[in-house]
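There are 2 protein chains.
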Amino acid sequence: MKPFQSVIQLPQGIIEPAHNHYVRRLSAMKSQFLDVNEVERRLKKEDLNLYEVYENTNPEKAGELQFGTSIVHPGKIGNEFFMTKGHFHSILETSEAYYCLNGRGIMMMENPEGDWQAAELTPGVLLYVPPRWAHRSINTGDQDLITYFVYPADAGHDYGTIEEKGFRKLVIEREGRVEIVDNPKWK
Amino acid sequence: MKPFQSVIQLPQGIIEPAHNHYVRRLSAMKSQFLDVNEVERRLKKEDLNLYEVYENTNPEKAGELQFGTSIVHPGKIGNEFFMTKGHFHSILETSEAYYCLNGRGIMMMENPEGDWQAAELTPGVLLYVPPRWAHRSINTGDQDLITYFVYPADAGHDYGTIEEKGFRKLVIEREGRVEIVDNPKWK
Numbered sequence: 001m002k003p004f005q006s007v008i009q010l011p012q013g014i015i016e017p018a019h020n021h022y023v024r025r026l027s028a029m030k031s032q033f034l035d036v037n038e039v040e041r042r043l044k045k046e047d048l049n050l051y052e053v054y055e056n057t058n059p060e061k062a063g064e065l066q067f068g069t070s071i072v073h074p075g076k077i078g079n080e081f082f083m084t085k086g087h088f089h090s091i092l093e094t095s096e097a098y099y100c101l102n103g104r105g106i107m108m109m110e111n112p113e114g115d116w117q118a119a120e121l122t123p124g125v126l127l128y129v130p131p132r133w134a135h136r137s138i139n140t141g142d143q144d145l146i147t148y149f150v151y152p153a154d155a156g157h158d159y160g161t162i163e164e165k166g167f168r169k170l171v172i173e174r175e176g177r178v179e180i181v182d183n184p185k186w187k
Numbered sequence: 001m002k003p004f005q006s007v008i009q010l011p012q013g014i015i016e017p018a019h020n021h022y023v024r025r026l027s028a029m030k031s032q033f034l035d036v037n038e039v040e041r042r043l044k045k046e047d048l049n050l051y052e053v054y055e056n057t058n059p060e061k062a063g064e065l066q067f068g069t070s071i072v073h074p075g076k077i078g079n080e081f082f083m084t085k086g087h088f089h090s091i092l093e094t095s096e097a098y099y100c101l102n103g104r105g106i107m108m109m110e111n112p113e114g115d116w117q118a119a120e121l122t123p124g125v126l127l128y129v130p131p132r133w134a135h136r137s138i139n140t141g142d143q144d145l146i147t148y149f150v151y152p153a154d155a156g157h158d159y160g161t162i163e164e165k166g167f168r169k170l171v172i173e174r175e176g177r178v179e180i181v182d183n184p185k186w187k
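Protein chains in written order, with the numbering used here: chain W, 1 to 187; chain L, 1 to 187.
Hints may contain errors.
Put simply, identical chains are the same to the list, so a pair is met inside one copy or across any two.
In silico DSBU-like links for lysine-lysine, alpha-carbon gap of 30 Å or less [stated by the list, open to error]: (1) Lys45 x Lys61; (2) Lys2 x Lys61; (3) Lys187 x Lys2; (4) Lys45 x Lys185; (5) Lys187 x Lys165; (6) Lys85 x Lys61; (7) Lys76 x Lys44; (8) Lys165 x Lys2; (9) Lys85 x Lys44; (10) Lys187 x Lys76; (11) Lys165 x Lys85.
Hint data in this document are derived by calculation from the structure and do not stem from the laboratory.
So here's chain W without its partners, still in its complex pose (with noise of 0.2 Å):
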């Protein structure tokens, strides 16, 4: 395999080229909001998107690494802001490294052993999430939150594990406020 070179375009965090670009629209997020009303009311106008990823993927194996860019939109459901849909890894002694390079936001993250923490990011904000903690990305501001991922080839992603049971804490606006609480619907 030979060395290669793209282009991180700022600000809007267009990986240039890149193996793959994605988009998550709300549709495939439905169960993640609080506000499931407003989710459908939502779709009935548009099937919004919420975050994109460009990516670079390499041989899924040990010592290989999986690297991109994450590009969360800024915006609310209710009062819940838009967010990446969260992930364990599938092999959960892994971990990830994240450099933020535009907008503002925090990373809301947890373990089985139940602990959770959250990380405000701003640009140049690097942030390791270590082996064990799922991680979701949440944009609390009104510009993208672009963020520059790296992690183990080989991590695979659970999405499985947060769609069912959710995060223990939501990130929402309260009266002009960013406020972390308590996910009723968790489980």
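Using the hints provided, position chain L relative to the given structure of chain W.
Coordinates of chain L only, in the frame set by chain W:
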């Protein structure tokens, strides 16, 4: 292990807080430059700071990541640009992802199979150095060349092979231009 946060301070490339910071000086790179007489002359005046690394170090286990910034200062020894020591990973089948934050330079790479490749580094460039490729960053500009790097935590560094053999190619300035030339000392 808990998630942890730092900030990359630009344009200096300092990570605050960082687990580790080291400075690589000319005396530790003597055998790497072609013009040994010029190295000795420069050392009589000053043991130059060629480059610095800020890093956040994690357990040396598969699934974890090491990451940090590399800051190669501008300058030359004779007509050869300041550069990093250059290394293979001890576990040869591990890769590294680079993201250029500042400056201008070249990542010189080669593998045991006899291939070599040079990649230009400018702000925004993402470079994947696949498993098996030794790599060295070389500052061909007049500002600090700053890259953010991430690699598998168990990769390790094999500096010895390059110290003994050198890289196949050197990057020099000739008549005001950057040129890639054969390394006459390469074994």
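Hint check results:
1. Taking the shortest Cα distances, lysine 45 and lysine 61 never come within 30 Å of each other, neither inside one copy (42 Å) nor across copies (48 Å).
2. Both within a single protomer and between protomers do lysine 2 and lysine 61 lie at most 30 Å apart by alpha-carbon distance, with minima of 16 Å and 25 Å respectively.
3. When the C-alpha separation of lysine 187 and lysine 2 is checked against a cutoff of 30 Å, the pair qualifies only between copies, where the shortest distance is 23 Å, while the shortest distance within a copy is 46 Å.
4. Proximity of lysine 45 to lysine 185 under the C-alpha cut-off of 30 Å is restricted to the intra-copy arrangement: shortest distance 26 Å within a copy versus 68 Å between copies.
5. When the C-alpha separation of lysine 187 and lysine 165 is checked against a cutoff of 30 Å, the pair qualifies only within one copy, where the shortest distance is 5 Å, while the shortest distance between copies is 58 Å.
6. Taking the closest pair of Cα atoms, lysine 85 and lysine 61 come within 30 Å of each other both inside a single copy (24 Å) and across two copies (28 Å).
7. In the homo-oligomer, the alpha carbons of lysine 76 and lysine 44 lie at most 30 Å apart inside one protomer (16 Å), although the nearest pairing across protomers, at 63 Å, exceeds that limit.
8. For a Cα distance limit of 30 Å, the shortest separation of lysine 165 from lysine 2 across copies, 21 Å, qualifies, whereas the shortest one inside one copy, 41 Å, does not.
9. With identical chains, the CA atoms of lysine 85 and lysine 44 are at most 30 Å apart within one copy only, with a shortest distance of 21 Å there and 59 Å across copies.
10. Taking the shortest alpha-carbon separations for lysine 187 and lysine 76, only the intra-copy value of 23 Å comes in at or below 30 Å, while the best inter-copy value is 61 Å.
11. In this homomeric assembly, lysine 165 and lysine 85 come within 30 Å of each other (Cα to Cα) only inside a single copy, at 12 Å, whereas the closest approach across copies is 48 Å.
Consistency with the previously given hints fails for number 1 only.
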